[in-house]
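*Asks:* One letter stands for each residue in the lines below.
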Amino acid sequence: MICYSFSKPLYFIFSWDVPALLYYSHIPTAIIAMLIGFFVLWKGKQFLINRLLFAISACFSLWVISNLILWTNIQSDLMLFVWSFLRIFFSLISILSVYFIYVFLEKKDVSLLLKSIFLILTVPIIILSPTHLNLGGFDITSCDAFAFEGFLFQFSRIFFGVLAMIWILILLIRKYRTAEVNFKKQILLMGAGIELFLFSFFIVTFLAAYLTDMGILSDSRLEYYGLFGMDIFIGLLAYLIVRYKAFHIKLIATQALVVALVALIGSEFFFIQNATNIILTLITLLIALGFGYMLVRSVKLEVLRKEELENLSGQLATANDQLHALDKAKSEFISIASHQLRTPLTSIKGFGSLLLEGTYGEVPAAQRGALEKIYISNERLIQLVEDLLNISRIEAGRMEFDFQEAQIEDLVEEAVMTLELSAKAKNLYLHWEKPAVAMPHLKIDITKIKEVISNMVDNAIKYTQKGGITVKLETSTVWDTEHKEHQSTVRVKVCDTGIGMDAEEIGMIFEKFQRGKQVSHYHTDGTGLGMFIGRKIVAEHKGKIWAESDGKGMGSRFILELPVEQSI
Amino acid sequence: MDVKQKIRNHFFFYILVTLIFVVGVFSYHRFMIKQDYMVGYEGVCDPVANENKCFAGCEDDDCTKEYYYSKMVKYAPDLYKECGEDITDCESANSCLPDNRNCSATYCDPEVEGDTCATETNTQDDDAKE
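Here the protein sequences come in this chain order: P and Y. First residue of the first sequence: 1, per our numbering; consecutive thereafter. First residue of the second sequence: 1, per our numbering; consecutive thereafter.
Mixed in with the good hints, there may be bad ones.
Far from chain Y, some chain P residues (derived; all Cβ distances over 12 Å) [as the list claims (entries may be wrong)]: (1) Phe38; (2) Phe151; (3) Ile187; (4) Asn277; (5) Phe403; (6) Glu504.
Chain Y regions said to be covered by chain P (calculated; three or more residues, Cβ under 8 Å) [stated by the list, open to error]: (7) 57 to 66; (8) 82 to 96.
Calculated from the structure, these hints are not laboratory results. For each residue, glycine too, the CB sits at the ideal point set by N, CA and C.
Based on the provided sequences and hints, a complete structural model is requested.
*Replies:* Given below as structure tokens:
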């Protein structure tokens, strides 16, 4: 049967009997919703939330297309066939919206029980849709089936709409209360989008049908406006995608924006009548297409670059972690190995000392020389092991300091006295210029600072061939950049007339395992660890240690500076 | 993921898609092939012959001209057999025939609120205009 009051449509959907607004509200909305759905699915079909958004978009688009067919066609059997699907799409849109929001909020699939509830709600509507309970007939005068719709199905439309809106609202409020600040914003945006969409879609279409059925409205064209809610929903989704990288996609919002723009401009062709406007709209459409293409391309490039940077950054972070792990393993290895080495060395030292002292009987002169060499070599080994242990302690952050009040002159004096014999053995002088006025008290780790001073003097003796070494103390005031104030310091200066250093050597002698150039000619058994450890110890005292030299062969000055702030 | 797990995870979608497909086939068979539905329309009504029982409707927005009708409901296959696709100018469509199933013709009742019935006055006016 055909609706005798209306004309047959052109190309299935174009009819002169309907207002142009119908095409403006239906075609762009259906296309945009479908494109969004496909884009989201294409970009992440493994994610449930993407599949759900696709399902909602597909159902909505199918509803809009069905609705368009119903508005423009006049064949009663075809229209009833299409009409029978409207309730199915209605129920699916509402239930899928609840499902979608649940997954968005909880980041996981719903329980089996909830899925079963969804099915219990939708299956009866689907199964009964081809029966008389849904549609009994068709009015070919008004060309609709409102008068022949079953009550239960009429009721189901508002039931599903209200149920979905309330259900979603409860889910949103419950999650909003416990969510983090950032997620709260996302909940608000998504909640506003989907609730507006459902409200405009269900309530407006219901009102349009209800008022038409009551005879208050001549037809249900009010429902056109209900479809614009989907555009708001899409807009908020696009914002969520861009702002919060929702749905695991980045480009989609730009692409959707361009498509929406083109679709909206293109749909103006349904309205315009005169040739001038057609040409102007065509030009606008072409410009929008051109700029849209460039925009999508530039965003794509930017996203690619950002992804590359993120990848590189990730690789660097991994490499850094591996390096840290390796460094830690190395320090642990040194620590364990050093401990194991120190035990037999201590034993050798003890028994060597007893032998030299004659505890086990007089040692023949020929053997004594060899025994002394063993003893000295063992001492060097003990020092090396001690240095390695110190490094592993420093690097593991396990070096312990025992800060005590001390008089720096005493420490310097002890170090000088200990090394006096070594200097004498090389025919070097070792002058200790003790200050006439007592230095301020310092709060230092006495053993460690004494070790640093001894190391400075010992190095000076090692690398001086003639002349000698002068050790002196002085007070100074420096500008503390951290506390923005002047600070009193005590300096220990060790000046020698030795081989001297160039600028390059000065820069590297405080690094780990670094020694001055050609120093092995003068002294072969150095490890390059002494000054490195010294610098670390001094740094823990908030002090400084550095070297100065006027050049090769012109001697060196090693200066240790400790802040008086440490004193009590 | 094995097949059982996949079905368990996606049974919601599988059930819905299968059902919609099956229901679509049923729907197509009912409406497009069997045409198992009633058709409502405005049958031509002669107010003189039907003694003011015809509904009166306007042919345009300003109601410069009225037409008269009865509310007819007929089973689609019966109507199709009598008139074909288009009921315009089909005399049989304006009344229920003995072999029609569930056919009904509703006439205007002035006591029912909202019904606009043809009266002698307006039918005479229309005749005068013609």
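*Asks:* Closer than 8 Å Cβ to Cβ for three or more residues is the test here. Does the segment 82 to 96 of chain Y pass it with chain P?
*Replies:* holds (count 4)
*Asks:* Checking a non-interface call: every C-beta of chain Y should be farther than 12 Å from the C-beta of Ile187 of chain P. Is that right?
*Replies:* 24 Å, holds
*Asks:* Run the C-beta distances from Phe403 of chain P to all of chain Y and say if the shortest one exceeds 12 Å.
*Replies:* 62 Å, holds
*Asks:* When you look at the beta carbon of Glu504 of chain P, is every beta carbon of chain Y farther off than 12 Å?
*Replies:* 63 Å, holds
*Asks:* For Phe151 of chain P, which was marked as not at the interface, is the minimum beta-carbon distance to chain Y over 12 Å?
*Replies:* 16 Å, holds
*Asks:* For Phe38 of chain P, is the shortest CB-to-CB distance to chain Y above 12 Å, so the non-interface label stands?
*Replies:* With a cut-off of 12 Å, Phe38 of chain P remains clear of chain Y, as the shortest Cβ separation is near 17 Å.
*Asks:* Counting residues of the segment 57 to 66 of chain Y that have a beta-carbon nearer than 8 Å to any beta-carbon of chain P, does the count reach 3?
*Replies:* Three-residue rule not met by the segment 57 to 66 of chain Y, so violated; n is 0.
*Asks:* Checking a non-interface call: every C-beta of chain Y should be farther than 12 Å from the C-beta of Asn277 of chain P. Is that right?
*Replies:* 29 Å, holds
Violation of the numbered hints given earlier is confined to hint 7; every other hint is satisfied by the structure.
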